[in-house]
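J.: Using the sequences and the hints given, assemble the complete structure.
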Amino acid sequence: MSLLINLVIAAAIVGFAGYEIYKSVKRSKGGGCNACDYQCDTKEMLKQHSSKLN
Amino acid sequence: MATVALLGNPNTGKTTLFNELTDKYAYVGNWTGVTVDKKMGTLRHTKIAVVDLPGVYSLNPITKDESVAIEYLLHGDPDLILNVTNASQLKRNLLLTIELLEFGTPVIIALNMIDDLNRTNVTYDLPTLAQRLHCQLKATNARNKKGVAQLRDDLVASLTELPPAAALHITYPTLVEQGITQAAKKLAAEHGMTPDFARWLTIQFMNQNQTIRAYAQAHDLKPLLQSAPFYDAQNFENQIFTTRLTFIEDTLAAARRQNTPTSQSELTNQIDRWVTHPLLGLPIFVVIFYLMFKLSFDWIGTPLSDGLNALVSGPISHGANSLLTSLGALPFLKSLIVDGVIAGVGGVLTFMPQIFVLFACISILEDSGYMARAALVTDRLMQMIGLNGKSFIPLIIGFGCNVTGIMATRTIEQPKERLITTLISPFMSCSARLPIYSLFVAAFFARNQALVVLSIYFLGIAVALIMAKVYQLVFKVKGNSNFMIELPQYHLPRPDIILQGTWDKGKGFVKKAGTIIFAGTVLIWLLSNLSFHGPVTDIDQSFAADLGRWLLPVFAPLGVGSWEIVSALLTGIMAKEVISSSMIILFHFTGRTALVATFANLFTPLSAYALLVFILLYIPCFSTLATIKAETGSTKWTIYSAVSSFIIAYGLAFLIYQIGSLFI
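So the protein sequences, as listed, match chains Z and Y. Once you know that position 47 of the first sequence is 47 in this note's numbering, the rest is easy, because the numbers rise by one and skip nothing. One rule links them: number in this note's numbering = place in the second sequence (from 1) + 54.
Be a bit skeptical, because a hint or two may be false.
Claimed, not checked - Partial list, computed: chain Z residues near chain Y (C-beta under 7 Å):
{"#": "1", "residue": "Ile9"}
{"#": "2", "residue": "Val14"}
{"#": "3", "residue": "Ala17"}
{"#": "4", "residue": "Glu20"}
{"#": "5", "residue": "Ile21"}
{"#": "6", "residue": "Ser24"}
{"#": "7", "residue": "Ser28"}
Unchecked claim - Covered by chain Z, per the in silico footprint, the following chain Y stretches (three or more residues, Cβ under 8 Å):
{"#": "8", "stretch": "376 to 390"}
{"#": "9", "stretch": "676 to 690"}
Worth flagging that the hints you see were computed from the coordinates, not collected in a lab. Beta carbons: idealized from backbone N, C-alpha and C, even for Gly.
T.: Written as structure tokens, this is what we have:
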């Protein structure tokens, strides 16, 4: 495995982690919950509640 | 597409029936407040939409979630209403039914939980009820699917050949009737309403339904608005209620058939005599929780977890290492994948058995009917604090996840009570904290794992209640709202509901492993392998070490003597599970067995317990803070929650360690 491939794989892992942190912060700020990805009813309600406030 | 709306009182098995009728699964719980917003599904093998609305006792909303039902009737235009009732509580259930029948949309009444009614040795003559209520009635028992297939066929048949809309007309006292007739005529003439809708709207308006009053204002319905003072002065609301109640009593008396008594109906009463006992109820509640933790930590969860840990830190870790070496991966990539991702994420996933066993226990308690009793039992305690049993529901949901717990505070009517419950919810020990408890109890309290975890949970409850009392005094809350909860008959839990409930609660943990725990793991790996001067081979030179050492003096009074622990605590803001994975990475282990052994050199049982208390109470995770912000609409309360919880956590852990050190 060449140095380049090593670097690309490491960059992909770190990049994905960075993206997940960004997504989590964004979701939390929007009143979401990163505890789970599925759209439970409480989350749906929170979304509606937030849109009403805005 | 035709639409069926499911409406009924809370705890009538509406959500179970919805799940049986439709292709979509909705979360089922056996206590008030589970359905907080409408759910959509399609009737099996058809294109008929089914809407499950939150349980309400009447169309006059008190809480936010109760307004969903009336708003839906006003704007949703369903083709058919399926009114789900608890057959053994018909007297109260029919109050809502009358409001629906007066609305004019065809109604089918499902007499659900019919087996519960049969156990009370009472039956109702359905033709008599149908004749008096002018609608179809079907007996069902959604839990064992009895009558559900027939009901589904009847719904399809009714929608294919919709019966002509015929609203129920109860004869109200003369003055009320005159008022209804006059207003309805004007509404029909001036606003083009159908006679049935105009009559229903008028009755709801007279009934002081705030949503309808707002609707009248918005549409400038002068015939109603001008007469409002007269309606209220004449106390029409009370007269309408009394007339409806008399109608229900007469109807039920005509349809009731008493059977020969059996001993089956006594079972629930006999169990309740013990579990809701004023003195024994609370100790029984504690014992049930203790058994839950015994199952999770001692009997089932930990042995399975140890097996998973051996798999992750052994074959998986070594296999990945060998594979990467054979592929020619450089040391930094091997370290990132094996020491970072596999050790961190894999390390947290090994706690899955404990978490899933705990969720399974909670699902069993919910489905058996015990949770409603637990709310009743804690209501007494809550009342001493100044809260009511309704606060218990968000708090116990907080045991799963604080975010959903805080969202569930919407079922509390009083704004101050709601705010107080929101502020104390993060003290409930969410499931994300279980991995770190598990690590420490395995290291220091191997013989009393369940007892120590139970004490942490109850300490969280105690702190929450004490803070609630403080807030009561500070906010000068006088009196509190009444708590009403229906106690369903005990059921033998149904395996498919338990499995689904467990998976619903636990799948968040699995998904989190692939997202935020993975991200936190990579972040802490980077921080432990980089410094201001670039990559480091000695972790003591890394960013993580610098940060941990800088804050170490703050944590030293709590008995923390290692910078790795401090750095790991900081990552807990992302998600509490990340604390465990960070520790595994920072101590350079591939699994938790070696980590547990290392703890023995860093902590005493006292300092370990103080740290667990700190982790229980310190700053909530980012998602919880964001939810507090969204629910309170206030940055001030969010910052307050973060700061106050840190101070409380620090203060209590400090006291435990310092005072304990005097004796141990």
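J.: Each hint should be assessed against the structure and marked as holding or not.
T.: Verification of the hints:
no.	hint	verdict
1	Ile9	6 Å, holds
2	Val14	6 Å, holds
3	Ala17	4 Å, holds
4	Glu20	4 Å, holds
5	Ile21	5 Å, holds
6	Ser24	5 Å, holds
7	Ser28	4 Å, holds
8	376 to 390	holds (count 7)
9	676 to 690	holds (count 9)
Checked against the numbered hints above, the structure violates none of them.
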